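J.: Here's the letter readout for the chains.
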Amino acid sequence: MEKHAIIGERIQNVDSPDKATGRAVYGIDFRLPGMLHGKILRSPFAHARILRIDTSRAEKVRGVKAVITAEDTPKIKYGAQINDEYPLAVDKVRYEGDEIAAVAAVDEGAAQEAIEKIAVEYGQLPAVFTPREAMAPGAPAIHDAPHNIVTHIAFERGCVEEGFRKADVILEEVFQSSNVHQAYLEPHVCVAQADASGNITLWGSLQAPARNRETLARILKILQSKIRIVQTTVGGGFGGKATQLISLYPICVFLAIKAGQPVRILNTWEEEFTASRSRMPAEVRMKLGIKKDGTFAAKEIEILANCGAYAGTGPAVVGTTATRATSLYRFPHVKCKADLVYTNLTPIGSYRGYGNPQLHFALESMIDMASEAVGLDPLEVRLKNAIRKGDTSVHGFVMNSCRLRECIEEAAAKSRWKEKRGRRRKEGQGIGMASMIHVSGNRAVYPFFDGSTAYVRIHPHGGVDVVTGEAEIGQGSNTIFAQIAAEALGVPVKEVRVLPLDTDHSPFALGTFASRVTTLGGKAVLLAAEDAKQKLLSFAATKMEVPSESLETKEGRIRIKGSVDPGMEYQEVAKLASHASGGAPLLGVGAFSVPSSVVIPDASRYGNISMAYSFGVQVAEVQVDRKTGKVTILQFFSVHDSGTVINPMLGEGQVEGGVVQGIGYALMEEIVREAGKVLNGNFTDYRIPTIKDVPPIKTIFIEEPDPFGPFGAKGLGEITQVPTAPAVANAIYDAIGIRLKELPMTPERVFKALKGSPRTKIENRGGR
Amino acid sequence: MPKIRIEVNGVSRKASVEPTLTLVDFLRDHLGLAGTKKSCDSGNCGACTVILDGKAVNSCLILAVETDGHSVTTIEGLQKKETLHPLQKAFVEHGAIQCGFCSPGMILTAKALLDQNPFPSDDQIREALAGNLCRCTGYSKIIEAVKSVTERTR
Numbered sequence: 001m002e003k004h005a006i007i008g009e010r011i012q013n014v015d016s017p018d019k020a021t022g023r024a025v026y027g028i029d030f031r032l033p034g035m036l037h038g039k040i041l042r043s044p045f046a047h048a049r050i051l052r053i054d055t056s057r058a059e060k061v062r063g064v065k066a067v068i069t070a071e072d073t074p075k076i077k078y079g080a081q082i083n084d085e086y087p088l089a090v091d092k093v094r095y096e097g098d099e100i101a102a103v104a105a106v107d108e109g110a111a112q113e114a115i116e117k118i119a120v121e122y123g124q125l126p127a128v129f130t131p132r133e134a135m136a137p138g139a140p141a142i143h144d145a146p147h148n149i150v151t152h153i154a155f156e157r158g159c160v161e162e163g164f165r166k167a168d169v170i171l172e173e174v175f176q177s178s179n180v181h182q183a184y185l186e187p188h189v190c191v192a193q194a195d196a197s198g199n200i201t202l203w204g205s206l207q208a209p210a211r212n213r214e215t216l217a218r219i220l221k222i223l224q225s226k227i228r229i230v231q232t233t234v235g236g237g238f239g240g241k242a243t244q245l246i247s248l249y250p251i252c253v254f255l256a257i258k259a260g261q262p263v264r265i266l267n268t269w270e271e272e273f274t275a276s277r278s279r280m281p282a283e284v285r286m287k288l289g290i291k292k293d294g295t296f297a298a299k300e301i302e303i304l305a306n307c308g309a310y311a312g313t314g315p316a317v318v319g320t321t322a323t324r325a326t327s328l329y330r331f332p333h334v335k336c337k338a339d340l341v342y343t344n345l346t347p348i349g350s351y352r353g354y355g356n357p358q359l360h361f362a363l364e365s366m367i368d369m370a371s372e373a374v375g376l377d378p379l380e381v382r383l384k385n386a387i388r389k390g391d392t393s394v395h396g397f398v399m400n401s402c403r404l405r406e407c408i409e410e411a412a413a414k415s416r417w418k419e420k421r422g423r424r425r426k427e428g429q430g431i432g433m434a435s436m437i438h439v440s441g442n443r444a445v446y447p448f449f450d451g452s453t454a455y456v457r458i459h460p461h462g463g464v465d466v467v468t469g470e471a472e473i474g475q476g477s478n479t480i481f482a483q484i485a486a487e488a489l490g491v492p493v494k495e496v497r498v499l500p501l502d503t504d505h506s507p508f509a510l511g512t513f514a515s516r517v518t519t520l521g522g523k524a525v526l527l528a529a530e531d532a533k534q535k536l537l538s539f540a541a542t543k544m545e546v547p548s549e550s551l552e553t554k555e556g557r558i559r560i561k562g563s564v565d566p567g568m569e570y571q572e573v574a575k576l577a578s579h580a581s582g583g584a585p586l587l588g589v590g591a592f593s594v595p596s597s598v599v600i601p602d603a604s605r606y607g608n609i610s611m612a613y614s615f616g617v618q619v620a621e622v623q624v625d626r627k628t629g630k631v632t633i634l635q636f637f638s639v640h641d642s643g644t645v646i647n648p649m650l651g652e653g654q655v656e657g658g659v660v661q662g663i664g665y666a667l668m669e670e671i672v673r674e675a676g677k678v679l680n681g682n683f684t685d686y687r688i689p690t691i692k693d694v695p696p697i698k699t700i701f702i703e704e705p706d707p708f709g710p711f712g713a714k715g716l717g718e719i720t721q722v723p724t725a726p727a728v729a730n731a732i733y734d735a736i737g738i739r740l741k742e743l744p745m746t747p748e749r750v751f752k753a754l755k756g757s758p759r760t761k762i763e764n765r766g767g768r
Numbered sequence: 001m002p003k004i005r006i007e008v009n010g011v012s013r014k015a016s017v018e019p020t021l022t023l024v025d026f027l028r029d030h031l032g033l034a035g036t037k038k039s040c041d042s043g044n045c046g047a048c049t050v051i052l053d054g055k056a057v058n059s060c061l062i063l064a065v066e067t068d069g070h071s072v073t074t075i076e077g078l079q080k081k082e083t084l085h086p087l088q089k090a091f092v093e094h095g096a097i098q099c100g101f102c103s104p105g106m107i108l109t110a111k112a113l114l115d116q117n118p119f120p121s122d123d124q125i126r127e128a129l130a131g132n133l134c135r136c137t138g139y140s141k142i143i144e145a146v147k148s149v150t151e152r153t154r
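Listed in order, the protein sequences are those of chains R and V. For the first sequence, counting from 1, position 288 maps to 288 in our numbering; every step adds exactly one. For the second sequence, counting from 1, position 138 maps to 138 in our numbering; every step adds exactly one.
Worth flagging that the hints you see were computed from the coordinates, not collected in a lab. Computed from a prediction, not measured in an experiment: that's the story for all the values here. Just so you know, even glycine gets a beta-carbon here, dropped at the ideal spot from N, CA and C. Mixed in with the good hints, there may be bad ones.
What the hints assert, rightly or not - Partner residues aside, some chain V positions facing chain R, computed with beta carbon under 7 Å:
hint	residue
1	His30
2	Ala34
3	Cys45
4	Ala47
5	Gly100
6	Phe101
7	Gln116
8	Pro120
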């Protein structure tokens with residue numbers, strides 16, 4: 001691999017000093033003079049007609065400056081993919097928590113009092129909470145969709161009938177995954193302000209400000225250029241603050257317009273659990289055919305997924321569930337039927353993995369079951385079927401780089417797989433493995449393009465600015481971008497600053513989702529830095545009277561390649577260049593579009609959806625307490641092919657954090673509801689892993705530069721929790737010989753399974 | 001309104017406060033010390049941790065009036081001029097900070113631990129930090145950072 005000065009180094013996160021000292025300004029910290037406090041009136045019913053709203057008593061509460069209902073808005077439907085929701089309910093509410101009205105007042109107490117004084121007359125409607133209920137004949141129509149189906153997917157590639165005929169063993173099983181919350185620590189919060197000319201400014205803890213601005217412009221029916229979104233420091237996102245603009249933001253803006261004063265709305269944690277967009281639960285029925293030698297013959301799946309009351313990002317999420325995991329292996333024949341169904345539950349959204357963990361859980365569990373059925377080590381079966389570099393998968397994914405097999409071998413070697421597997425059941429210990437695939441950008445999310453733009457500005461007196469619209473949400477993109485620009489320009493990292501994200505000056509960008517920021521955003525930064533460098537060298541060449549091709553930048557100096565001449569400081573060149581052109585800085589522009597080989601898949605879900613695919617393998621070692629059913633993870637290995645790792649320390653941080661979220665998904669987390677009502681909407685009852693639940697995690701990167709990503713980098717953020725649950729499930733099986741097919745694998749479920757009665761009954765949930 | 005006198009980061013402060021005002025709101029909204037983060041507001045997440053008379057506490061569970069005559073250290077009180085506290089430095093250097101929302105509380109809990117027990121075992125570190133949730137880091141680098149400080153002291 002090419003040797004770099006800054007790429008591949010463990011450089012400390014450029015934002016950390018401000019965060020360690022409490023100086024970083026998060027969404028919850030942002031205040032304006034004269035700022036009011038907003039509150040939202042939410043539906044107490046899962047499904048009801050709104051017959052009448054009377055806000056007159058609320059308006060009279062002392063300190064109240066604005067009360068709004070849908071009548072105060074243009075009533076324009078919007079949505080991440082399907083326009084099916086209003087910021088404030090029109091005529092009908094569709095889940096318990098749906099927004100009906102809102103209030104802005106001088107303090108929270110007055111706002112709360114006014115909310116309680118809004119009188120709403122409802123006509124209750126029958127509600128449905130599971131996909132099967134919602135699809136049944138005679139079920140209430142939540143929107144106008146036939147059978148309440150949001151998205152129906154059906155495809156066959158190859159011929160599964162023929163494939164299953166060639167199989168020696170065919171297994172069929174049903175897997176259930178749960179509805180889990182991103183549980184970022186900072187709840188949704190924003191401050192909105194409207195000026196006298198109708199310009200809007202919104203400060204918020206957001207992952208995709210430019211996309212959010214598009215949606216807001218649609219809802220407000222004004223030009224995007226009249227809206228400015230300023231990103232505050234973000235207290236975690238994981239998909240929860242991404243392209244889907246939850247109602248809180250437009251409501252805050254409508255309140256600010258009506259009140260003529262800035263307004264802040266902050267979600268309580270109860271609101272986070274009832275009215276923000278968490279992970280789609282899905283029921284996956286999988287039929288897998290395998291030959292005696294371990295070759296996969298055919299796979300057929302049926303997915304039933306609960307969308308909740310509005311589509312949100314659901315259609316793309318379920319599209320991921322239906323296809324992505326399949327491209328891990330060389331499947332000759334696959335068939336899929338998937339239904340994403342409206343119900344009267346909180347709508348689902350995006351969470352790290354975007355539909356991918358749900359199918360990985362089923363597939364990677366099934367591979368272990370199928371391997372056992374033909375008497376083979378699941379390690380060998382994975383190696384045999386693994387997709388390889390140069391392959392095009394059954395869904396048309398083109399593998400320009402792929403070291404999945406090396407990852408599997410490395411994971412087996414480091415975890416001492418062969419020595420440990422199947423040997424420690426007496427002690428209640430087991431080892432399990434699961435592979436993973438994810439994208440680096442998803443061309444199907446935004447209809448018009450995928451790519452990114454960045455500016456790199458070399459200041460006349462030294463220092464470099466990177467201007468991007470891609471969002472830092474804690475994952476470290478500001479550091480990665482600084483490293484990329486510094487490496488390309490040959491200047492120290494500490495002289496590069498990535499500017500805060502503000503749609504008034506940052507270029508349009510799709511934002512942080514689909515593990516696209518380092519790969520696509522980073523590529524744009526690289527191109528911008530190279531453009532700026534070219535201008536720097538051209539100007540230096542005229543001063544030094546040599547051809548610009550003979551120059552290079554290194555450690556902040558511009559020198560003649562191979563010469564001992566000290567050359568010139570880059571600051572000096574930038575200054576002279578600026579003086580020679582009316583004070584203009586040296587400005588590089590990097591505009592990157594994914595290659596034309598990257599496409600939106602066709603109706604049969606065929607098409608190369610991403611520029612680069614990342615791979616890896618996780619191995620879990622567990623101890624199962626037979627008396628209590630409690631599963632303890634003893635040790636964890638996560639081996640990744642994410643191309644070149646720009647910053648291994650930050651990379652490990654992504655892996656460790658993702659694995660622990662995956663452990664929460666595997667063993668403990670679930671939003672529990674009864675008739676649409678959330679029963680555990682707080683961190684006491686909805687438990688996420690604490691520092692005591694975390695095993696030692698060994699991260700290994702198998703680096704092979706990808707041909708397209710900046711310096712060969714591919715995505716890493718999302719993939720890290722994609723295979724964790726099946727790795728744990730496989731380890732539990734190795735430990736106690738019981739196959740768990742329902743998440744989370746709580747002590748109660750494991751205990752019941754150990755007692756053997758009743759045999760893990762699969763309820764009709766399609767997720768809850 | 002009750003009057004209180006409280007020492008915050010070594011400086012004596014006097015204030016009149018509503019009896020229902022929590023310490024976290026007093027610090028953030030009245031004293032402008034927004035480094036103390038507020039999330040669950042119910043003692044579950046640890047983001048609002050401050051040190052009260054040497055002990056790490058959830059400032060959302062304590063009323064401001066209860067702190068009359070007591071001493072509070074917030075994240076703003078750790079840095080000495082330009083120099084980061086060794087724990088702050090360790091968190092930065094070890095990559096123990098991602099979104100950073102839990103970091104002030106995490107660092108203060110660790111400080112309270114090390115002030116009482118300069119050489120804690122791994123289990124003691126875990127026990128002390130068990131009430132501070134972090135969703136980004138997976139905790140590994142947080143443990144490394146705390147350990148590095150104890151090792152440096154040793």
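J.: Check the structure against each numbered hint from earlier and tell me which ones fail, lowest number first.
T.: 1, 7 and 8
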